[in-house]
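Trainee: Below are the chains, spelled out letter by letter.
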Amino acid sequence: MQKTRQPTPPGESSVSAEGLGKKFPRSHHWAVKELSFSCYPGTITGLLGENGAGKTTSLRMLSTMLIPTEGSGAVCGHSLREAPARVRQSVGVLFGGTSSLYDRLSAAENILYFARLNGLEPQEGEARLAELSNLFEMGSFLHRRAGTFSTGMRQRCLIARAIIHDPAVLLLDEPATGLDFSTRRSIYAFILQQKELGKTILFSSHDLNAVEEICDSLLVLHEGRLAAQGSPAALRKKGSLETGIRELTGSMQ
Amino acid sequence: MIPRRIPTSLITARKELKDFFRDPRSIILTLVLPVVLFPLLFWVLAERSPEAFGGQRIFTIGLSGEVPAFLSRTDPGYFLDDLDYPAAVEDQAGRRKLLFSRYDALVVSESGTVHYNNADPESLAAISYLHEASSNIDGREEQPQGEPAFSPAPLYHPEDAAGKLFLSLVLPFMVFIFASTCPLPVAADMSAGEKERLSLEPLLSTAAPRSGIITGKLLAAALAGCISVGAYFLGIFLSVLISPGILGEEAMKFSMNPAQYLVIVTLMLLATAFFAALELTAGFMTRSVREAQLLGMPLLFISMGAVYIAQSIDLQHVPLLIPHIPLINLGLVIREAALDRINSYHTAAAILWSLFYLICAAFVSVHRFKHESVLGGR
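Just so you know, the protein sequences line up as chains A and B, in that order. Following the working numbering, the numbering of the first sequence begins with 57 at its first residue and continues without gaps. Following the working numbering, the numbering of the second sequence begins with 559 at its first residue and continues without gaps.
Keep in mind the hints are simulated off the structure, nothing from the lab. Hints are not guaranteed to be accurate.
Under 7 angstroms between C-beta atoms, here's a sample of chain B residues computed to sit facing chain A [unchecked claim]:
hint	residue
1	R580
2	D581
3	L756
4	E759
5	T764
6	A765
7	A766
Heads up, simulated DSSO-like pairs for lysine-lysine below, C-alpha to C-alpha not over 27 angstroms straight-line [unchecked claim]:
hint	chain 1	residue 1	chain 2	residue 2
8	B	K928	A	K89
9	A	K79	A	K89
10	A	K79	B	K928
11	B	K576	B	K928
In this text, all values refer to a predicted model and were calculated from it rather than measured experimentally. Note that beta-carbon positions come from the ideal geometry of N, C-alpha and C, so glycine has one too.
Next comes chain B alone, as it looks inside the complex (with noise of 0.2 angstroms):
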C-alpha cells in the first residue's frame, strides 16, 4: 500500500483545494477580504486622518509615557563592562559605560559618545532620558542652551530605526494571527464539514489508505493556509502601496535583506502548516464546522500570549531555554529577523523544533482519523 500513499494524498489534496476554492464564502474569506477590502479600508481611514486635513501628525510610538516606567526599573548609576556593540568597545580612551535598558543605551565616555538602539522602545526611551536629564550625569554642570551633552550614535540608519522598530514589534503578531486563523476555515470544513454533510463515511468505506487520505487534508489545509497568509500580507502591501501615511511614513521605510525575508517566509509558513494540521485534528473531534471553529479559536490567544511573552525578551541576553519553547522561539525568531538580527543558532533551533512539531502534530492528525470514534454518533 505504500506506493499509493503519495498519489492518495496528492488526489485528496487536489480534490480539497478545488473543493474549498469553488465556495465563494471561502474565496471572499481567503482572497478577496485581504488583497481588497484591507487596502480599501486602509484607504478610507487614510482620507478620514487628521494628517489627511493638514492637522495633526500621526506618530507610531510616543516614548512620553515610557520614560516614567522606565526610570521606575532601570538604575541610571548601573556599570558594566560586558558590551556587545563592537564600536563601543573599540572606544577605549576614558570609556565609562551608563548602561539604559540593559545594553540598548550606553555611554562610551564622559565627553560623550551614546550608543543607543533606535529600533528598540526602551533604548529610544533612555536616550530621551539622556536628553532630558544630562546636567545631573556624573555631576556636570548643565549645558548652554542648544548644546548638547552627548553626541548619540545610533545603531540603525536613522531611516531605517523606525521602519524597523514597527516591523519588530508588528510582524511577530501579524504572522502568528494570519497563520493560526488562516487555516482555520478550511481544515475545519474538511474535517467537521465532513461529517456535517454525511460525506466521511462514503470517504472512508474507499480502498485509499487513511493515511493517505489525511495528508492529503493537511497538505490542502496547509496550502490553502498559506495561500490565504499570503493574500493578507499582499493586501497589506497593497495598502501600504495606497496610503502610505497611514502607519506614518518612518514606519514604513525600513530595508530587508534576502536572508531576513527567507527566514520571516520560512517560519510563517512553518507556523501555518503547524496550525492547520492542529485545526483539523480539532476538526475531527467535533461534529460541526461551528464547534470545529471555536475549538480552533483559543490557538488564536495562546499563540498571542507566546508572542508577548517572546517580545518581552531582551534580544541581548535570551535565555538558553527560549529558542526551544513553542511558538516563542518563532516569535523571537521572526522578531530578531525583523531588526536584522538575525542569530543562526536561534533561527536553527525554531526551524527544527517548527518541524518536530509539525510531524508530531500530523501525527496526532492522522492517529484520530485512523482511528473508529472519527466517525462519531449517529
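If we strip away everything but chain A, and leave its shape as in the complex, we get (with noise of 0.2 angstroms):
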C-alpha cells in the first residue's frame, strides 16, 4: 500500500465535530442539531439511526458537499469550512448501493478518472490501480464496460474508485446495504484492513450485527441529534445493541 496522505499526529483526532449543524432553504426543521464528536486514527466509528435521522447530511457535511448551517468541523486538521478542497483530498467518499459509475467507460478508465481529479499523475494512478485491482481482484472485469458489472463487481470498483488516492479518513454511507452476505464480508474486511493501516473510518450502517463486530465506537443519531455516543458494549442493553439503541431514542421521543 502506498503511505497515506494528509496523517494525523497521534493522539489527535482526524475526524472532528463541534456543534455541527445543518438546516435546509425552506426546511422547518433540522435535518442535523449540535452533533459533536471526535474519530481518531486507526479506529472504525459507527453511524447509526433510522432513516431520515441525518447520518447522510452528516456525512456530506464531513466531506464538504454540505456546508454546515451552525457549528465547526475538521478533518485531518482542516476545517471544513476554511478548507474544503484540502479536506477532500483527506477522505475517500463512498455512498454504498446509491452512488453509480460511468457505464459506457471501464473499470479502470473510471477509476484512472477519478485518480486524475485526486491529483494523482497518471503513472501514480496506473500503480495504484493495479494494487487496488490485485487487491479487490479485479483483473477479470477490470478493462470491461461498468454497463455490464454485476452488483457485487460495481462495488468493488466504487471501493476502488473511492480510495484510489488513498486517503486517510474513509466516510462510508451504507456501503454493504444491497449486497449478498460474502460481498458484504468482504467488504467488512476491507474495512478492517483499513483500520490495521491506520485509517480513520466513519461508515454509517443499519447492519447492527456488523457495526458491533467491527466497530470501536458508535453514534446514534435519533431526529438530527445525537442520542448516545460510546462503545458497542456500552450501548448494549439486555445482551442486545438493538434494544439498547431502541432504549435510547425512544426516551427522546
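Starting from two chains that each stand alone, build the complex the way the hints lay out.
Mentor: Below you can see the structure in the form of C-alpha cells.
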C-alpha cells in the first residue's frame, strides 16, 4: 500500500465535529443539530440511526458537499469551512448502493478518472490501480465496461474508486446495503484492513451485527441529534445492541 | 489550486466526450442522423418530386402572393435622395428616384435604369410590379408589346442572386436551430444525467476544484455541440450534392468568399457554445435528463423569435440598438454575411457581445455548480 496522505499526528483526532448543524433552505426543521464527536486514526466509528436521522447529511457535511449551517468541523486538521479542498484530498467517500459508475467507461477508466481528479499523476494512478486491482480481484473485469457489471463487481469498483488517492479518512454511507452475504463480508474485511493501516473510518449502517462486530465506537443519531455515543459494549442493553438503541432513541421522543 | 484548473478541465472534457460518444444513441443523434439520414431523406424527396417525373418546376420563391401586400405598405410615388448604390448615385443625368421597398428598387432616370436587389423578396416584388405597371409610371404611355419600359440593373450577378436570397433566408434559421438543439442532449447528459445516474456526489467529493470540473463539462458540451452542428451542415451539403434539384437548382447557385465563411462559422460556434452553457446550467437545475431537455427547448423558440426579428430588419437602415441585442444581432450579421454585405461594425459588435454572453453564461454555470443545491434532494 502507498503511504497514507495527510497523516494525523498520533493522539489527535482526524475527524472532529463541534456543534455541527444543518438546516436546509425552506425547511422548518434541522436535518442535523448540535452534533459533536471525534474520531481517531486506526479506529472504526459506526453511525447509527433510523432513516432520516441525519446520517447521510452528517457524512455530506464532513465530505464538504454540504456547508454546515452552524458549528464547525475538521478532517485531518483542515477546517470544513475554510479548507474544503484540503478536506476532500484527505477523505475517500463511498455512497454505498446509491452511487453509480459511468456505465460506458471501463472499470479502469472510471477509477483512473477519479485518480486524475484527485491529483494523482497518470503513472501514480496506474500503479495504484494495479495495487487495488489485486486487492479487490478486479483483473478479470478491469477493462470491461461498467454497464455489464454485477452488483458485487460494481461495489468493488466503487470502493477502489473511492480510495484510489489513498485517503487518511474513509466516509462510508451504508457501504454494504443491498449486497449478498459474501460481498458484505469482504467489505467488512476491507474496512478492518484499512483500520490496521491506520485509517480513520466513519460509516453508517443498519446492519447492527456487523457494526457491533467491527466498530470501536458508535454514534447514535435520532431526529438529527446525537442520542448516544460510546462503545458497542457500553450501548448494549439486556444483551442486545438493538434494544439499547431502541431504549435510547425512544426516551428522546 | 489555480494551476490545476486547466488539467482538471481537460481531464473532465476528455472523459465527458469519451462517455458521450460511446453511447450509440448519441452517435445516431449527432452524426448518423445528419450525415446519413438527411441526404437519404433529400434523395427520396427528390425522387418523388413532380420535377423528377418531368412535370412542374419547383420554385423557391413565389412572388405573386407578395405583390399585393407589398403595394399596400409602400408608396410608389415616394422620392428619396439618399442612395447607397454607387452605380445609381453616379448617374446624375435626369435622375429621378422612385423608391420601392425602401431603397431596394429604384428608378434612376425616366428613360429608365432600375436598380434593384435581386436577392431580396421585396425588391423582387417591386421589379415585378414595375414590369406590370410600367405604363403608369409618370404618365408614360403604354409601351409597345415586347419593348421594356426600363432597363433592370440587378445588384448581384443574376446567377448568384437566387442562391444568396435563399441563403440569407434559410441560413440564420438553420444556424439557430442547430446551435440551440445540438448541444442539448450532451449538456443534459452531463448535468441532469449525472444526477440521474447518482454519479454527481462522488464526482463532487473529489479534490478537483469544482470550477475545473464545470469548465471541462462546458468545453465538452460546446465541442460535442459544434461537432453535431458540423455534422448537420455536412449532411445538408451531401444532400444537395446528391439531390441538387430538391431546393431548386437556382437556389443552390451561389459563391461565398472566405470572409463570409469566417463570419458565419465564428458566429455559429459562439452561438453553439453559448447555448451549451445555458443548457448545462438548466440541466443542473433539474433532476432528470427529460426535465433538462424540456427546460432547454424554450431556447429554440426564443432563438427562432430572434431570427424572425433579424429577418424583418432592413439591412440598409439597421437601428442603432440592434447590433447590441442578444441573438438578434447574430441573426442580423449571419444574414448580412450570407448576402455578402458584411458590416464590420455589426460583425464586431455581434462577436464581442456573443463572447460577453458566453462568459456570463459560463459564470452562471460555474456559480450554479458550486452551490450545494446542485446536489438536489435525495
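Trainee: It remains to establish, for every hint, whether it holds in the given structure.
Mentor: Results for each hint:
1. R580: At 4 angstroms from the nearest chain A Cβ, R580/B passes the 7 angstroms test, so the hint holds.
2. D581: At 6 angstroms from the nearest chain A Cβ, D581/B passes the 7 angstroms test, so the hint holds.
3. L756: holds, 4 angstroms
4. E759: holds, 6 angstroms
5. T764: holds, 4 angstroms
6. A765: Where the cut-off is 7 angstroms and the nearest Cβ of chain A is about 4 angstroms from A765/B, the hint holds.
7. A766: A766/B check passes; min Cβ-Cβ to chain A is 4 angstroms, inside 7 angstroms.
8. K928/B - K89/A: Distance ~24 angstroms between K928/B and K89/A Cα, so the pair holds.
9. K79/A - K89/A: Satisfied, since the Cα-Cα distance of roughly 8 angstroms is no more than 27 angstroms.
10. K79/A - K928/B: holds, 18 angstroms
11. K576/B - K928/B: holds, 24 angstroms
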